[in-house]
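Novice: Listed in order, the protein sequences are those of chains S and P. Take 1 as the starting number for the first sequence in UniProt numbering and just add one per residue. Take 1 as the starting number for the second sequence in UniProt numbering and just add one per residue.
These aren't lab readings, by the way, just hints derived from the structure by calculation. Remember, predicted model here, so these are calculated numbers, not experimental data. Any given hint could be a false lead.
[Claimed, not checked] Here chain S is said to cover these stretches of chain P; the calculated rule only asks that three of the stretch's residues, wherever they fall, bring their Cβ under 8 Å from a Cβ of chain S:
1) 45-57
2) 116-129
3) 201-210
4) 333-342
5) 367-374
6) 397-405
7) 485-497
[As the list claims (entries may be wrong)] Keeping only pairs whose Cα atoms sit at most 30 Å apart, straight-line, the calculated DSSO-like set for lysine-lysine is:
8) P:K349 to S:K80
9) P:K369 to S:K62
10) S:K369 to P:K243
11) P:K234 to P:K293
12) S:K403 to P:K99
13) S:K99 to P:K161
Even for Gly, the Cβ is constructed at its ideal location relative to N, Cα and C.
There are 2 protein chains.
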Amino acid sequence: MASSMERHMNGLSPVAELRHPVKCPPRVVDSFVSNGHSEEVDSAESFIKQAMEIIMDEAVKKATDVHEKVCEWRSPEELKELLDLELRDGGESESEVLKRCRDAIRYSVKTGHPRFFNQLYAGMEPYSMVASFITEAIKTSLYTYEVAPVFTLMEDAVLRKMMELVGWEEGGEGIFNPGGSMSNMYAVNLARYRHCADIKEVGLYGAPRLVILTSQDCHYSISKSAALLGIGTKNVYVVPADKRGKMIPSALEEQIKLAKSEGAVPFMVNATAGTTVLGAFDPIQEIADICEKHDLWLHVDACWGGAALMSKKHRQLLKGIHRADSVAWNPHKMLMACLQCSAFLVRGKTNLLQRCHSARASYLFQQDKFYDVSYDTGDKSVQCSRKPDAFKLWLMWKALGTKELEWRVDRALTMARYLVQEMKKREGFRLLLEPEYANVCFWYIPPSLRKLPDGPELWKKLHAVAPVVKERMMKTGSMMIGYQTHGDKPNFFRMVVISPQVSREDLDFVLDEIHNLGKDL
Amino acid sequence: MASSMERHMNGLSPVAELRHPVKCPPRVVDSFVSNGHSEEVDSAESFIKQAMEIIMDEAVKKATDVHEKVCEWRSPEELKELLDLELRDGGESESEVLKRCRDAIRYSVKTGHPRFFNQLYAGMEPYSMVASFITEAIKTSLYTYEVAPVFTLMEDAVLRKMMELVGWEEGGEGIFNPGGSMSNMYAVNLARYRHCADIKEVGLYGAPRLVILTSQDCHYSISKSAALLGIGTKNVYVVPADKRGKMIPSALEEQIKLAKSEGAVPFMVNATAGTTVLGAFDPIQEIADICEKHDLWLHVDACWGGAALMSKKHRQLLKGIHRADSVAWNPHKMLMACLQCSAFLVRGKTNLLQRCHSARASYLFQQDKFYDVSYDTGDKSVQCSRKPDAFKLWLMWKALGTKELEWRVDRALTMARYLVQEMKKREGFRLLLEPEYANVCFWYIPPSLRKLPDGPELWKKLHAVAPVVKERMMKTGSMMIGYQTHGDKPNFFRMVVISPQVSREDLDFVLDEIHNLGKDL
Numbered sequence: 001m002a003s004s005m006e007r008h009m010n011g012l013s014p015v016a017e018l019r020h021p022v023k024c025p026p027r028v029v030d031s032f033v034s035n036g037h038s039e040e041v042d043s044a045e046s047f048i049k050q051a052m053e054i055i056m057d058e059a060v061k062k063a064t065d066v067h068e069k070v071c072e073w074r075s076p077e078e079l080k081e082l083l084d085l086e087l088r089d090g091g092e093s094e095s096e097v098l099k100r101c102r103d104a105i106r107y108s109v110k111t112g113h114p115r116f117f118n119q120l121y122a123g124m125e126p127y128s129m130v131a132s133f134i135t136e137a138i139k140t141s142l143y144t145y146e147v148a149p150v151f152t153l154m155e156d157a158v159l160r161k162m163m164e165l166v167g168w169e170e171g172g173e174g175i176f177n178p179g180g181s182m183s184n185m186y187a188v189n190l191a192r193y194r195h196c197a198d199i200k201e202v203g204l205y206g207a208p209r210l211v212i213l214t215s216q217d218c219h220y221s222i223s224k225s226a227a228l229l230g231i232g233t234k235n236v237y238v239v240p241a242d243k244r245g246k247m248i249p250s251a252l253e254e255q256i257k258l259a260k261s262e263g264a265v266p267f268m269v270n271a272t273a274g275t276t277v278l279g280a281f282d283p284i285q286e287i288a289d290i291c292e293k294h295d296l297w298l299h300v301d302a303c304w305g306g307a308a309l310m311s312k313k314h315r316q317l318l319k320g321i322h323r324a325d326s327v328a329w330n331p332h333k334m335l336m337a338c339l340q341c342s343a344f345l346v347r348g349k350t351n352l353l354q355r356c357h358s359a360r361a362s363y364l365f366q367q368d369k370f371y372d373v374s375y376d377t378g379d380k381s382v383q384c385s386r387k388p389d390a391f392k393l394w395l396m397w398k399a400l401g402t403k404e405l406e407w408r409v410d411r412a413l414t415m416a417r418y419l420v421q422e423m424k425k426r427e428g429f430r431l432l433l434e435p436e437y438a439n440v441c442f443w444y445i446p447p448s449l450r451k452l453p454d455g456p457e458l459w460k461k462l463h464a465v466a467p468v469v470k471e472r473m474m475k476t477g478s479m480m481i482g483y484q485t486h487g488d489k490p491n492f493f494r495m496v497v498i499s500p501q502v503s504r505e506d507l508d509f510v511l512d513e514i515h516n517l518g519k520d521l
Numbered sequence: 001m002a003s004s005m006e007r008h009m010n011g012l013s014p015v016a017e018l019r020h021p022v023k024c025p026p027r028v029v030d031s032f033v034s035n036g037h038s039e040e041v042d043s044a045e046s047f048i049k050q051a052m053e054i055i056m057d058e059a060v061k062k063a064t065d066v067h068e069k070v071c072e073w074r075s076p077e078e079l080k081e082l083l084d085l086e087l088r089d090g091g092e093s094e095s096e097v098l099k100r101c102r103d104a105i106r107y108s109v110k111t112g113h114p115r116f117f118n119q120l121y122a123g124m125e126p127y128s129m130v131a132s133f134i135t136e137a138i139k140t141s142l143y144t145y146e147v148a149p150v151f152t153l154m155e156d157a158v159l160r161k162m163m164e165l166v167g168w169e170e171g172g173e174g175i176f177n178p179g180g181s182m183s184n185m186y187a188v189n190l191a192r193y194r195h196c197a198d199i200k201e202v203g204l205y206g207a208p209r210l211v212i213l214t215s216q217d218c219h220y221s222i223s224k225s226a227a228l229l230g231i232g233t234k235n236v237y238v239v240p241a242d243k244r245g246k247m248i249p250s251a252l253e254e255q256i257k258l259a260k261s262e263g264a265v266p267f268m269v270n271a272t273a274g275t276t277v278l279g280a281f282d283p284i285q286e287i288a289d290i291c292e293k294h295d296l297w298l299h300v301d302a303c304w305g306g307a308a309l310m311s312k313k314h315r316q317l318l319k320g321i322h323r324a325d326s327v328a329w330n331p332h333k334m335l336m337a338c339l340q341c342s343a344f345l346v347r348g349k350t351n352l353l354q355r356c357h358s359a360r361a362s363y364l365f366q367q368d369k370f371y372d373v374s375y376d377t378g379d380k381s382v383q384c385s386r387k388p389d390a391f392k393l394w395l396m397w398k399a400l401g402t403k404e405l406e407w408r409v410d411r412a413l414t415m416a417r418y419l420v421q422e423m424k425k426r427e428g429f430r431l432l433l434e435p436e437y438a439n440v441c442f443w444y445i446p447p448s449l450r451k452l453p454d455g456p457e458l459w460k461k462l463h464a465v466a467p468v469v470k471e472r473m474m475k476t477g478s479m480m481i482g483y484q485t486h487g488d489k490p491n492f493f494r495m496v497v498i499s500p501q502v503s504r505e506d507l508d509f510v511l512d513e514i515h516n517l518g519k520d521l
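With the hints as constraints, model all of the structure from the sequences given.
Specialist: Here it is in structure tokens:
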């Protein structure tokens, strides 16, 4: 076989090569390459079509079929062998590459499967999935209107609608980010900027010690943001939560006073609407009162709980959110938009995002363009290229309408109630607490431990149960549920039902299966 | 028509609804929802298949067809009308949603088109595109091995290969990020952590004034990172570059001395391998010598220039990169991986990423798992959910092999040489400088200005030419090329040829078309 270089120089196009998109040798004239277009795209088309069929069969149909496994567990060592990870000098044939696609799907966890409950996202959402295929195919990056006209406007439309649901009468601005952690980071940076805009230029060196307040049950991204932004994790003052996981307002007030008495300067409170583990909602109204009194930025991390804003029945969980200065909300969680779809919203039309983050790059944000450059959103971001994630939500919303999204939320919370009722009927299941949202946290107590009295011995033994049950469910591939500790609580499971593709029978199965997997422990 | 609620309660499944995935009403028993699985996925399948056909026809074939327009320009006001952006209570029919998909593609810029030269990415890459479809379809987030077994291992394999090309004999670690700006931000944070690990906990309050050094031609993300991390944009000391855009090592040394003489503490130098506008490579060897002497972290921003590491012919542009402490490299640029595909690499096996960023969330990073938890990568990141972008590169690399990727780079630089030669042959084209990489920066001088001597009058008039030519090319939709100022230089075009789907004829067309669009100015 001719070497790649020879082929490129002699300009021949062997048929085998033609079937291999992009690999087909360019024709060379005067030592310059001048291949045309048609054959590459034709051969690419055949490859892409076959791959799309595989995606449809394996990643859509089979991956959501309740009769199939959620995952086909392999240890890292086994999987390395199976995948043949090494990257070599030579390429592979089309059929080999298609096999790679099949294998990647086969050994991946099926997060769209009706028995996947391991994370705060789940299910297959066809509209949002198609939207993400489109954005991948046309490879758009959001920074200027000229390169991303459609998605710039769609992002704006979706953000407005979300802000309407938050209830900001004065309007606001926003941006989609690669994940809720980034949104929370934006909140810390904006709060700091409003507190003292000079820090952008001069840094924190002359500044007093700045303090963020958040509950003990908040997401770990608050702490990560404090580390990254030079504030320091020790300057995140942790406010105790009550037994249900809600921040205690009087304790917040005490922590603010403590910080001030130390000469530190509190500048921001993070309230969580839907904590990661317990699904608790901090009392936003009381927290907003305290923030007003002390002139603190109020950020609401509603990444998980924001979905309740869609529901007339459940939106009272976030009562007072209209008083927040900023909100993080991930439609890729309960609303089922494809990963990632994370919005960060800021109250008021003060152009704070741009002022805080702008760097005015001359090669992108020319001021002598022929259109209104206020449509260029790139300087609002800490990123340069940024994905048009808003389209995933926009298309889904168009297809389903607000009412079906509302139903999706109501149904998820109904399913949590069902799960709670079923657990109460069964021996061996014990709730951590009555859920107020979709998170159902519980222990499975095997028969051998049911006679033990509450106390250190029971807790210690119980702590070892969830990891073993988890290992067994992974290895049988029947379902996936997360477990964790929380405070002094031993390992317990957290179940969240998000997808409307999950039936009541699936939940019955889950409870039966946990018992089957753990009854001998 | 029955309301959504009624339908949900009476459990009927009208045929029209069945064709509408996910909207199909769940069956309700005992006031609990218990719908099955099959019909939703069946109807979703029909929608997804139709959408896939549209994607193939419009976003793949038509979007890369040289006879079609690169963009169909509409002003924001016109486009708002055309797209009907409003999100309503009710949903839309399948055919309406498919029309939405067609419109989104139609009015988007075709970045895969052979005449799209507006950014540092371009072209249609079928393997990487298919890889991104797969990751979207199976909705994987990378933080734990249990949820992302395949992509965790693939990321590791790709990172190792990239580090091998960088030349780190001692090995290293890395992570894929949503964009090069994020990678550069990681570099600043790691450099600071190595300088003083306590800052993670206590913040910058007790710290001396920390200074980053970088050239005047570096990417704006360095300045954005300094602002975000509490270091301050003023503490980014700008090192002059020579006429070719390369950092002047003696000037670097002077700036380090200046900072020290002010009592500040330099901790990091950012060298750029392939600057955004001119495509210049800072002299890494000399800069590394200076960093060693002063014990400074050396980061190489090779987001754009990293691709040259694939080429035996051109890798000398990055000579000395093996001495860097960290490297940012975006395979979504010249290597054509789908957006986004951005790697951040760190020299040495010191687990610095994890130490610097960890927050040890109990709900993800349990230590009592049944597998080796060193495969859980999530605590290396500032994100929580993170996309498996490495797969886009892995699959493409498997399909093409290192040699074809090398050819892709060599061809891009050959095309730049061709463009330069052609410009020299033509009246009215003037190069800013002889390119050393793929960036060809040039002025188009309309006939009316060709007689003017070099001087303020010419520069002023020339400054107005590129924006008008750009407006006209956008409105005809014939091609897209970026323009910008640089230092005291008036507006000029920057051309970069990335895609092997671009022919020599396309470049001839570009030069002819610029003349046609601008000859009357």
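Novice: Hint by hint, note whether the structure agrees.
Specialist: Structure-based check of all given hints:
Residue count for the stretch 45-57 of chain P with a Cβ under 8 Å from a Cβ of chain S: 8. That meets the three needed, and the coverage hint holds. With a threshold of 8 Å between beta carbons, the proposed coverage of the stretch 116-129 of chain P by chain S holds, since 8 of its residues qualify and at least three are required. Closer than 8 Å: that is the beta-carbon criterion, and the stretch 201-210 of chain P has 9 residues meeting it against chain S, so the requirement of 3 holds. Note: the stretch 333-342 of chain P has 3 residues with beta-carbon separation from chain S under 8 Å; the three-residue rule is met and the coverage holds.
With 5 residues bearing a CB less than 8 Å from a CB of chain S, the stretch 367-374 of chain P meets the requirement of three and the coverage assertion stands. Coverage of the stretch 397-405 of chain P by chain S holds [criterion: at least 3 residues with CB-CB distance below 8 Å; count 8]. With a cut-off of 8 Å between beta carbons, the stretch 485-497 of chain P has 4 residues touching chain S; three or more are needed, and the interface restraint holds. With a C-alpha separation of about 21 Å, the suggested pairing of P:K349 with S:K80 holds against the 30 Å cut-off.
About 28 Å separates the Cα atoms of P:K369 and S:K62, which keeps this hinted pair within 30 Å; it holds. About 27 Å separates the Cα atoms of S:K369 and P:K243, which keeps this hinted pair within 30 Å; it holds. For the hint linking P:K234 to P:K293, the alpha-carbon distance of about 24 Å falls within 30 Å, and the restraint holds. The hinted pair formed by S:K403 and P:K99 meets the criterion: a straight-line CA distance of about 21 Å does not exceed 30 Å.
Of the supplied pair hints, the one linking S:K99 and P:K161 holds, its CA atoms being roughly 22 Å apart against a limit of 30 Å.
Of the numbered hints stated above, none is contradicted by the structure.
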